[in-house]
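Protein chains: 2
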Amino acid sequence: MKISSTVEWAIHCCSLLAGLPKETSLTGKELAEFHGVPHPYLAKALQTLSHDGILNTVSGPKGGYQLAKKPNKVSLLDIVLSIEGNDPCFECDEIRRKGPTALEKSPSYKRPCLIASAMWNAEKVWRDELAKVKLSDLLEQVKSKVDPRQLKKAQKWIEQRKA
Amino acid sequence: MKISSTVEWAIHCCSLLAGLPKETSLTGKELAEFHGVPHPYLAKALQTLSHDGILNTVSGPKGGYQLAKKPNKVSLLDIVLSIEGNDPCFECDEIRRKGPTALEKSPSYKRPCLIASAMWNAEKVWRDELAKVKLSDLLEQVKSKVDPRQLKKAQKWIEQRKA
DNA sequence: CCTATTGCGGATAAAATATATCCGTGATAG
DNA sequence: CTATCACGGATATATTTTATCCGCAATAGG
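From first to last, the protein sequence lines stand for chains A and B. Take the first sequence: its position 150, counted from the start at 1, is 150 in this note's numbering, and no numbers get skipped. The number in this note's numbering is simply the position in the second sequence, starting from 1, with 163 added.
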């Protein structure tokens, strides 16, 4: 039960893009360099986010990625599901219907397995919690909790690229 | 982000053992056959559950597995963590400290990354939810929601083995 | 136009993890 | 003493994750 590290990269990228001035975009290469992660692989994730309407992309020189929506309209859940897919993390293999004591057919099989239900319910509260957290919330926290020197440094790095 | 199918087996096994009459135990082979899953691999899971104090084991003929605690003292979280390990599913790779705009050293690095915090918080509510569900709760639901014919069949199958 | 830059999509490779099996050892009931 | 069973380690196989590459389409600028 491990969340792929691509999810971490994707959230960082989206957070960064969310904090950018209007009309500013970053290329995949820049996003990879900024975060110190491999570019070709990160590109796959950006592609996926773009496909799912979280990022806007522009081809060609001066192209790159922008956040497709307002930061308060993008949740962590949106990003996680985009990268990981929205299959539930607990998959019910219907083992209640296997083995020598299973019935050929039973009305109770139409209801979900009790164990699966409990697992899915827990996953639901997890998802609900992630859905509550928007990129705008992260931006808000950044103001007070991240070292101002780092913010300055990042801002400078980006301005230099876009000049 | 997928939970291993071994977890599903483990929960089914624990639930079954929880519903057994006092002093009744089942062998690894019986548990595997009952659920229609491969015995040697399931044995590994049972071993782990035993190691973590969820199951009691007895060697030798007439040996096997029993639930080590009362059903209301074993939660789904106990079983999940036993099998999957208790590492958080989101691992923070500290990418905020990587790349050209990171600082050598900053007091803000002593606090957890904001993104990781949000992910861990969601995982906490997930765990809390799983901790709420005890094997006794599942047993209670079984009474009203599982086909009585299947319960009868299972009971008979076990009695026959133990006769 | 032409060219350089950039994202897209498919194919592929390498590494890590999950799944599954086997066997020798020790414990124990009969 | 023997048959049954759990334990622990070693090993094999399958699947997933991680990572890279390349040809194509889009586009800004000369």
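Calculated from the structure, these hints are not laboratory results. Hints are supplied without guarantee of correctness; some may be wrong.
Said to hold, decoys possible - Here are the simulated DSSO-like pairs of lysine-lysine, each with C-alpha atoms no more than 30 Å apart in a straight line:
no.	chain 1	residue 1	chain 2	residue 2
1	B	268	A	153
2	B	192	A	110
3	B	325	A	105
4	B	273	A	98
5	A	29	A	110
6	A	2	B	273
7	B	225	B	207
8	B	192	B	207
Evaluation of the provided hints:
1. The suggested pairing of residue 268(B) with residue 153(A) holds, with an alpha-carbon distance near 13 Å, which does not exceed 30 Å.
2. Of the pairs offered as hints, the one joining residue 192(B) and residue 110(A) holds, with about 29 Å between alpha carbons and a cut-off of 30 Å not exceeded.
3. For a cut-off of 30 Å, the pair hint linking residue 325(B) to residue 105(A) stands: about 27 Å separates their Cα positions.
4. With a CA separation close to 51 Å, the supplied pair residue 273(B) and residue 98(A) exceeds the 30 Å bound.
5. For the given pair, residue 29(A) sits about 50 Å from residue 110(A) by alpha-carbon distance, which is inconsistent with the 30 Å threshold.
6. Simply put, residue 2(A) and residue 273(B) have alpha-carbon atoms about 24 Å apart, close enough for the 30 Å limit, and the pair holds.
7. At most 30 Å may separate the alpha-carbon atoms for a hinted pair to count; residue 225(B) and residue 207(B) meet this at roughly 20 Å.
8. At most 30 Å may separate the alpha-carbon atoms for a hinted pair to count; residue 192(B) and residue 207(B) meet this at roughly 12 Å.
Of the numbered hints listed earlier, those contradicted by the structure are 4 and 5.
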